[in-house]
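Student: Chains as they are written, first to last, in full-length UniProt numbering: chain S, 1 to 618; chain B, 1 to 355; chain L, 1 to 305.
Think of the hints as simulated: they come from the structure by calculation, not from any bench. Among these hints, one or two may not hold up.
Quick look at which bits of chain S chain B covers, simulated, 3 or more residues with Cβ under 8 Å [what the hints assert, rightly or not]:
(1) 57 to 71
(2) 258 to 266
(3) 403 to 409
(4) 478 to 486
Looking from chain L toward chain S, a few residues come up when the C-beta cut is under 7 Å (computed) [said to hold, decoys possible]:
(5) Q18
(6) P69
(7) E189
Don't be surprised by glycine CBs; every beta carbon is placed ideally from N, CA and C.
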Amino acid sequence: MSTRDQHGRGRLRLPAPRPRTARLAAALALAAGLTAPLAPAAGEARAADDDGKRVLTVAVAQSVDSLSPFLATRLVSTSIHRLTYEYLTDYDVKDARAIPGLATEWAPSADKLTWTYTIRSDAAWSDGRKVTAEDAAWTFNTMMTDPDAATANGSFVTNFEKVTAPSPTELVIRLKKPQATMTALDVPILPRHVWEKVGDYSEFNNDKDFPVVGSGPFVLTDYKPDSYVRLEANKNFWRGAPEFDELVFKYYKDGDAAVAALQKGEVSFVGNLTPAQAEALGNQENIKVNDAPGRRFLALAVNPGARARNGEEFGDGHASLRDQRVRHALFLAVDRKTLVDRVFRGHAVEGEGYIPPRFSTYYWEPSPDQELAHDPAEANRLLDEAGYRRNGDGRRVGEDGEPLTYRVLCHATDPNDKAVGQYLKEWWGELGIGMDLECLDNVSDPWLAGEYDLAFDGWSVNPDPDFVLSIHTCAALPATPRDTGATDNFICDKKYDDLYARQLAEYDPAKRADLVKQAVSRLYDLGYMNVMAYPNAVEAYRTDQIASITTMPEQAGNIYGQDGYWSWWSAEPAASAGSSGGTGSTGVVIGIVAGVVVLAGVGGFLAMRRRATAEDRE
Amino acid sequence: MTADTATAPAGGADGAATAAPSPRGPRARTWAAYLRYGAGKLGGAAVSLLAVLVTGFFLFRLIPGDPVKTMTGGRPVSAEQLAAYRREFGLDLPLWQQFTDYCGKALTGDLGTSYQFRAPVTEKIGEALPNTLLLTGTAFVLYTALGIVLGTRSAWRAGRLGDRLNTGLALTLYSVPSFWLGLLLIIVFSVGMGPVPGLFPTGGMESGGEEGLAHLLDVAHHLVLPVITLVAVEYGQTLLVTRSALLDETGSDYLTTARAKGLRDDLVRRRHAVPNAMLPTMTLIFVNLGRTVAGVILVETVFSWPGLGGLFYQALSVPDLPLVQGLFLFFASAVIVMNTLADLVYPLLDPRVGR
Amino acid sequence: MTDTTGAAPPSVRALVRQRRRRAASRFWRQYRAHRAGLVGLAGLALFALVALTAPLTVGSDVAGVTDAPGRPLEGPTAEFPLGTDRFGRDLLGLLVWGSRVSLLVGLLAAALSVVIGALVGITAGHFKGAYATVIMRVTDWFLVMPALVLAVALAAVMPRSLGTVILAIGVTSWPTTARLVRAQTLAVESRPYIERAKALGGGHGHIMTRHVLPNVMPLVLAQTTLMVSASILTEATLAFLGVGDPTVVSWGGMLQDAREAGAVSAGDWWYLVPPGIAIAGVALAFTLCGRAVESVLNPRLGVAR
């Protein structure tokens with residue numbers, strides 16, 4: 001549905017089963033007024049503090065929703081869990097293939113229904129105990145039996161039949177039916193000996209007892225709501241200790257404030273920059289702007305007429321949009337080049353297929369005769385052909401004589417939605433079609449109810465595209481209008497479903513990629529999901545504080561919100577960092593000065609009063 | 001913040017008086033009368049609190065949005081699960097029953113559990129409240145002091161250049177949108193501009209990691225810009241009210257008498273005029289105290305201050321009903337309590353009330 | 001003032017008109033003595049002129065994004081004296097064009113607020129008893145509501161449009177006016193001639209519209225002027241909090257745009273500074289006028305001297 005992507009932060013995780021949450025999370029974060037750069041607003045990376053500890057501070061714009069992996073869905077929280085709890089498998093920093101995490105190897109049985117994982121014996125919890133298969137089995141079983149524990153990651157275990165740990169190093173998962181994504185289980189494995197003492201998972205936020213027992217490269221040591229989350233390096237991390245001694249996620253409600261902090265050197269990492277910020281930062285010394293191909297897309301989703309699996313229709317999508325010619329006409333009027341040029345100022349790639357070019361394995365481009373290139377004349381022709389002729393005022397009218405006017409759902413918290421919306425309004429105006437831009441803080445309601453005509457939509461695509469493809473299948477529709485389905489915008493197409501099912505069952509990578517491309521091609525032709533742009537991930541960091549940091553993918557990738565802990569785990573302090581000191585001592589000095597000034601002011605006021613009294617006595 | 005109180009400076013003494021204690025203030029002659037008056041005021045406050053409790057509950061239920069669907073964040077959820085959530089949060093009950101439950105709990109200090117944070121509302125408010133109080137409290141003390149001092153001087157030199165500059169500046173700053181001023185201060189004093197170095201942090205309340213004195217200084221350092229912003233846009237009101245109240249007194253007979261007795265101007269000012277002129281100012285001070293807490297949303301947003309304002313805004317967009325209601329109740333109660341205090345203190349200070 | 005009982009029928013109107021004219025010129029004479037009031041008035045005239053002539057000077061094309069004349073976020077040049085916005089539109093043009101919305105919202109919201117306030121105040125002052133008790137309780141209740149919080153909540157309930165913003169401001173800002181007007185009404189009604197009018201059979205409607213209203217009108221006028229200033233600030237605040245209509249150009253909306261585009265940290269001061277100055281300028285002009293009007297009506301306040 002929506003901006004998830006922009007919210008990319010939301011959806012950065014792999015089998016991302018929580019689209020709207022991501023959206024919502026982002027919306028919430030934005031709602032706080034931050035509108036500008038969202039998630040990783042900025043990082044205040046004081047490279048060293050007074051006692052010589054090397055501290056990397058990453059500022060974020062989202063509030064933490066919960067520090068319990070069973071509950072957390074916002075990107076900032078799940079990013080922290082990535083750093084503090086190891087998963088069964090990780091993604092290779094170069095090509096995102098599955099590599100060992102807690103599991104050193106894994107294999108499906110011949111019938112593909114039983115997966116056996118070998119758990120490493122050199123991993124330990126931060127309290128010294130060993131990580132065992134028993135911990136993993138307990139984590140999955142708890143999620144399977146306790147609905148509260150399944151709040152965040154329940155979708156990973158819906159197809160699990162049984163999870164056992166025959167030995168401390170062996171984990172066995174029995175499936176109900178084959179599932180190709182078993183090496184992409186993004187579930188933080190929790191320490192059973194700590195968590196089984198918790199009574200009610202629905203209200204346990206894991207933010208009272210510090211340090212929190214974990215197994216990742218960092219240990220959670222402190223948290224203050226809407227202020228900071230503090231992590232310490234786990235010196236005994238099995239893959240090797242991180243270079244920085246401490247990692248702090250600091251909360252900045254306002255993106256500009258965060259960028260200002262970076263310019264000042266008070267912060268060493270800022271994510272999600274606007275074009276203006278990127279340009280301003282690009283000219284500055286000691287700052288490197290990382291402008292990487294994005295993993296998300298910004299699309300115009302069409303409401304095809306909301307319906308449920310039981311056949312009931314609901315919502316009030318405009319009937320004219322069920323005509324493919326009308327959908328194509330609307331998209332033909334969109335000049336994607338202008339959008340990339342003006343709205344994104346070059347920090348994006350023109351949209352085409354559903355999967356961004358960054359994922360070369362699955363990337364698909366329309367053939368020249370298939371492509372819906374910018375062509376207003378053709379758009380006018382299609383509309384004429386579809387029977388929507390212009391009336392005396394130049395407005396196109398339907399058979400009922402009503403002028404065509406579409407409601408376009410946009411995220412009030414997303415500047416790009418609003419900007420693109422203004423272009424669409426004018427372009428469609430030239431076609432004779434009216435448009436109401438309905439910007440809401442929280443689009444979930446009209447979205448789920450199918451009460452919109454078109455909507456701004458965006459998802460962060462994972463290395464494995466299964467999830468983003470699955471949300472357009474008929475199976476994802478809600479069972480009844482009263483349920484919430486996994487569907488994005490109620491698309492249900494038999495041909496697409498067929499291609500989707502075949503790719504899911506296909507174990508040969510090349511053949512699977514081909515099937516995925518066919519599915520994307522079908523989606524393009526349908527005209528229900530019109531991708532306008534693939535926005536870049538625009539981030540910046542201070543080179544005088546961070547000497548090097550790993551992006552993902554390693555060649556031209558992003559830093560914040562990776563599918564793994566690579567960036568912060570690998571970050572190396574700059575040589576000068578030890579002395580630059582950030583806000584540490586200067587801050588104290590200025591604090592003292594400020595305090596003195598305030599005191600002097602109050603003192604002066606009192607002195608005046610006293611003098612006055614003295615005069616009175618004369 | 002600037003907006004909702006904007007009429008007072010111009011309204012002068014009148015504006016201030018209307019804002020809080022009713023003009024038919026007490027002419028209590030005795031303690032008994034005062035107590036009767038006080039009891040009446042307290043009763044009125046209780047009624048107001050009750051009204052706030054009721055409206056808080058119903059008003060926010062008008063916000064479109066199904067909290068359960070929003071909470072489940074678009075994850076596929078069956079109708080049964082949604083129903084289970086509704087049961088958990090008591091949203092399946094008839095509205096009147098939800099209402100009575102809510103009122104009953106609220107009276108015992110339980111404001112429910114936040115949907116999005118899964119934590120008691122009182123706990124969330126408790127976390128953010130000290131931060132908001134620190135910011136508004138500091139700003140409040142400073143702008144009140146500044147307003148009274150400058151207002152007194154201005155009144156004494158009424159009509160002269162100093163007075164004109166003083167009131168002119170106050171009016172101008174009063175007309176400036178606080179968020180805009182905050183952004184400019186960040187550009188100039190945080191980022192640094194031209195010869196001005198970046199002196200202050202760009203946002204937040206603390207760098208984290210400091211202990212003891214260093215921590216206090218660090219917080220003070222973060223406090224400077226937001227406090228300056230609040231003081232700049234708020235002190236004008238106090239100044240203007242103090243000034244016009246003083247001017248009002250200057251014309252009074254007893255002052256002329258005092259002067260005729262040969263008392264020095266300064267003495268007349270301090271011993272006679274100022275105490276009387278403080279009445280409307282006192283009223284304004286109490287009203288401000290209540291309102292500043294609620295009005296701090298903008299400044300908290302601009303300076304990423306982890307206070308109640310940001311919390312309210314987050315809660316509103318879900319809508320996280322228990323949290324929204326709790327905060328609303330809290331904001332309104334702050335005003336009611338302060339207004340009532342003003343009502344109670346007013347007669348004690350009024351020298352015309354012979355006790 | 002409007003006491004007509006003693007006059008001969010044909011000359012009543014002329015007499016009243018003459019009296020009003022005299023009152024007006026006396027008012028103007030006194031107003032002229034307030035220098036700050038004159039400055040405010042001049043400022044208002046300037047802003048009104050800019051807003052009214054906007055369709056001629058810049059035209060609605062200035063708000064179009066597809067044919068924006070410049071590159072996004074250009075600094076001030078000869079062609080664009082205040083630079084361009086994130087779409088490449090001329091910021092000076094937008095500033096001029098936006099004055100219409102900001103003034104319109106300010107005026108309408110203030111008018112709405114004052115009308116509600118005056119209505120409540122006059123009726124509460126006129127009909128004492130239970131009605132007044134209840135309605136003043138309601139007023140008190142609105143008075144303690146944190147107005148900004150309430151306005152944001154209201155705006156969240158209703159669709160995003162200018163009407164919503166006007167309503168949200170108007171509905172939350174009237175109680176101060178109501179209390180002022182009520183106090184004034186009580187004062188007016190205690191005067192002897194009201195007794196006389198009642199004795200002569202004047203109904204409630206007659207007393208309120210013919211006697212009370214004209215007497216509270218000056219107060220209402222002053223209050224409106226001050227209210228406009230507050231409303232313009234609130235409008236900017238709501239737009240800044242993202243509660244406005246994004247496709248409408250207003251000063252508050254421009255500030256919000258600037259912030260969303262990252263102009264603050266990019267140092268694009270020309271995007272940020274002018275709308276803020278414009279808002280402060282209009283608000284200040286209205287405040288100065290309002291204070292001058294007030295001090296003419298109530299010289300004891302001595303405000304603007």
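Student: A separate judgement is required for each hint: does it hold in the structure or not?
Tutor: We went through each hint and held it up to the structure:
1. 57 to 71: It holds: at least three residues are needed, and the region 57 to 71 of chain S offers 5 whose Cβ sits within less than 8 Å of chain B.
2. 258 to 266: Holds: 6 residues of the region 258 to 266 of chain S have a Cβ under 8 Å from chain B.
3. 403 to 409: violated (count 0)
4. 478 to 486: Our answer is that it holds, as 8 residues pass the Cβ test (under 8 Å) against chain B, meeting three.
5. Q18: violated (52 Å)
6. P69: Constraint on L:P69 not satisfied, violated at 12 Å.
7. E189: violated (45 Å)
Hint check: violations occur at hints 3, 5, 6, 7; the rest are consistent with the structure.
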